[in-house]
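Asker: As a plain string of letters, each chain reads:
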Amino acid sequence: DVKVTQSSRYLVKRTGEKVFLECVQDMDHENMFWYRQDPGLGLRLIYFSYDVKMKEKGDIPEGYSVSREKKERFSLILESASTNQTSMYLCASSLHEAGRGEQYFGPGTRLTVT
Amino acid sequence: AQTVTQSQPEMSVQEAETVTLSCTYDTSESDYYLFWYKQPPSRQMILVIRQEAYKQQNATENRFSVNFQKAAKSFSLKISDSQLGDAAMYFCAYRSGNTPLVFGKGTRLSVIA
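Protein chains in written order, with the working numbering: chain A, 1 to 114; chain B, 1 to 113.
Among the clues, some could well be false.
[Stated by the list, open to error] To give an idea of the chain A side of the interface with chain B (calculated C-beta under 7 Å), a few residues:
{"no.": "1", "residue": "Leu43"}
{"no.": "2", "residue": "Leu45"}
{"no.": "3", "residue": "Phe48"}
{"no.": "4", "residue": "Ser49"}
{"no.": "5", "residue": "His96"}
{"no.": "6", "residue": "Glu102"}
{"no.": "7", "residue": "Phe105"}
{"no.": "8", "residue": "Pro107"}
If you are wondering where the hints come from, they were derived from the structure by calculation, not from laboratory data. Virtual Cβ for every residue (Gly too), placed ideally from N, Cα, C.
Build the full structure now, drawing on both the sequences and the hints.
Answerer: Spelled out as structure tokens, the structure:
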């Protein structure tokens with residue numbers, strides 16, 4: 001079974017803090033993704049990566065950055081957390097090939113910025 | 001840009017009954033894939049069912065089936081013999097080539113005992 005893990009289920013940070021959200025997958029997937037999920041807005045793509053050291057902006061990259069130094073690990077960084085970044089963050093991974101390209105999700109990190 | 005629309009923010013169904021969740025999408029591609037994902041309360045999102053656009057036959061997975069109407073760009077999910085464990089957020093998603101999934105905003109399904 002594919003396993004996608006995220007470093008924390010719940011996180012509380014203060015405004016202005018630098019926040020790291022870590023995601024690890026164990027199935028040698030090329031693609032990795034970060035989404036945020038908010039009620040009524042569904043899942044919105046923040047950043048994604050097709051390979052090590054590669055990154056692409058999604059729909060809402062402002063205020064975020066990412067790092068992918070190893071194939072299995074994809075980190076989301078909030079350089080200076082703000083209250084409007086309070087949300088559920090979901091990591092996902094998939095193979096390149098679209099035909100087998102369903103995304104597998106981690107359990108999510110619920111981040112609260114106070 | 002591709003878009004996915006789920007027009008029913010919330011739905012409810014009686015246990016053991018059948019419910020259909022709607023999804024429409026917009027694309028100019030001819031080769032693509034469609035998915036339904038389930039997110040139970042406070043639990044991980046999992047894949048329910050997938051459909052390849054080039055296949056005319058509708059996908060089925062046990063009690064879950066889809067009605068794929070390619071010309072109408074419609075992809076509905078039917079849940080038969082609904083169970084309490086089916087209560088969840090359901091997301092419709094689209095993918096073409098090696099691109100990220102495009103998700104709808106979701107439908108919250110409640111199952112009434």
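Asker: Now tell me if each hint is right for this structure.
Answerer: Hints versus structure:
Among the interface hints, the one on A/Leu43 holds; its C-beta lies about 5 Å from the nearest C-beta in chain B, closer than the 7 Å criterion. The restraint placing A/Leu45 at the interface with chain B holds, with a minimum CB-CB distance near 5 Å, inside the 7 Å limit. For A/Phe48, the suggested interface contact is upheld, since its CB lies about 5 Å from the closest CB of chain B, less than 7 Å. Because the beta carbon of A/Ser49 sits about 10 Å from the nearest beta carbon in chain B, more than 7 Å, this interface hint is broken.
Because the closest C-beta pair between A/His96 and chain B is about 5 Å apart, less than 7 Å, the hint holds. Residue-level restraint check for A/Glu102 holds (minimum Cβ-Cβ distance to chain B is 5 Å; threshold 7 Å). For A/Phe105, the shortest C-beta to C-beta distance to chain B is roughly 4 Å, which falls under 7 Å, so the interface hint holds. With a least beta-carbon distance of about 5 Å to chain B, the hint placing A/Pro107 at the interface is held under the 7 Å criterion.
Checked against the numbered hints above, the structure violates only hint 4.
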